[in-house]
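Starting from the known structure of chain A, arrange chain B on it as the hints suggest.
Number of protein chains: 2
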Amino acid sequence: MAEYEQMLAANEEWAKSFPGSKPVAPGRKTAVVACMDSRIPLFGVLGLAVGDAHVIRNAGGVITEDTIRSLTISQHVLGTREIVLVHHTDCGLQKTDDAGLADLVEQATGHRPPWAARTFTDVDADVRESIRLLNESPYLLSKDICGTVYDVETGRLRQVEP
Amino acid sequence: MAEYEQMLAANEEWAKSFPGSKPVAPGRKTAVVACMDSRIPLFGVLGLAVGDAHVIRNAGGVITEDTIRSLTISQHVLGTREIVLVHHTDCGLQKTDDAGLADLVEQATGHRPPWAARTFTDVDADVRESIRLLNESPYLLSKDICGTVYDVETGRLRQVEP
Numbered sequence: 028m029a030e031y032e033q034m035l036a037a038n039e040e041w042a043k044s045f046p047g048s049k050p051v052a053p054g055r056k057t058a059v060v061a062c063m064d065s066r067i068p069l070f071g072v073l074g075l076a077v078g079d080a081h082v083i084r085n086a087g088g089v090i091t092e093d094t095i096r097s098l099t100i101s102q103h104v105l106g107t108r109e110i111v112l113v114h115h116t117d118c119g120l121q122k123t124d125d126a127g128l129a130d131l132v133e134q135a136t137g138h139r140p141p142w143a144a145r146t147f148t149d150v151d152a153d154v155r156e157s158i159r160l161l162n163e164s165p166y167l168l169s170k171d172i173c174g175t176v177y178d179v180e181t182g183r184l185r186q187v188e189p
Numbered sequence: 028m029a030e031y032e033q034m035l036a037a038n039e040e041w042a043k044s045f046p047g048s049k050p051v052a053p054g055r056k057t058a059v060v061a062c063m064d065s066r067i068p069l070f071g072v073l074g075l076a077v078g079d080a081h082v083i084r085n086a087g088g089v090i091t092e093d094t095i096r097s098l099t100i101s102q103h104v105l106g107t108r109e110i111v112l113v114h115h116t117d118c119g120l121q122k123t124d125d126a127g128l129a130d131l132v133e134q135a136t137g138h139r140p141p142w143a144a145r146t147f148t149d150v151d152a153d154v155r156e157s158i159r160l161l162n163e164s165p166y167l168l169s170k171d172i173c174g175t176v177y178d179v180e181t182g183r184l185r186q187v188e189p
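So the sequence lines, in the order shown, correspond to chains A and B.
With positions in the first sequence counted from 1, the corresponding number in the working numbering is that position plus 27.
With positions in the second sequence counted from 1, the corresponding number in the working numbering is that position plus 27.
Because identical chains cannot be distinguished in the list, a pair is counted as satisfied if it fits within a single copy or across any two copies.
Under the rule of at most 30 Å between Cα atoms (straight-line distance), these lysine-lysine pairs were calculated in the DSS-like manner:
no., residue 1, residue 2
1, K170, K56
2, K43, K56
3, K170, K49
4, K56, K122
5, K122, K43
Honestly, the hints are just simulated from the structure, not real lab data.
Looking at chain A on its own, in the form it has when it is part of the complex (with noise of 0.2 Å):
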């Protein structure tokens, strides 16, 4: 059975004890910025209820024209104020760099990618670089920003000194 598969076979249980709906604002007017690592679910890891937060993620949790875009929507159409930044120990894109990531997908595929793999080294200066391309941009309305770690080996957040 594909993965898919049993996605949409555990949906049917999911559903038998569905919750319920909520308005589509988020009720805690926060929308959170994390990594798309697998270790990291982030409603249990926040407390975070059905309903609450806007949740964005990518590679890194890193601030792209996506975040931005995603970012803006949120506090412009559904009314967010707080931003909270979710990266993490041991991640993917400090076991790369951004050359060595364009080569390898060069040689998978032929074809060399324009963008920037986005790695990095040191994950508290990550967040920072975070906060401030957040503060840099003139779109969002509010920059009411929290930089975290989170230490996929203890299950702990820690905060980030802007």
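Same frame as chain A, now just chain B:
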């Protein structure tokens, strides 16, 4: 108390029952691309365990350069092969259009975004558009894609025919 302070406090409870570490490569070799909507707790909705799948989320769950960057890293560096798309009913991106969002942001901030908001009207068509964009990308190793729509009123996931 700010929302982030409540989340840091909730995390202390999470860490007390932390289930233990997992490898960085997703165990089920799957990447999920979903909307940032606050009503979709993907781990529960899809029956995912910690360590199972990458989770990429943005406004609409659409395919952008950043989505391709994340999926490229997911496949080339961390070994995923299936892609599961999760769009949903009652999406914030169905409540405006690209020009309307640009007008709203310009009126509030004095700056008109140069990027498209990626609004849509027909959710099934938007899932098919995502599948088309993924199939066009030269950087991915695998295009084993399942597109779905999540009903935020019932908790049910429905597969969309490509």
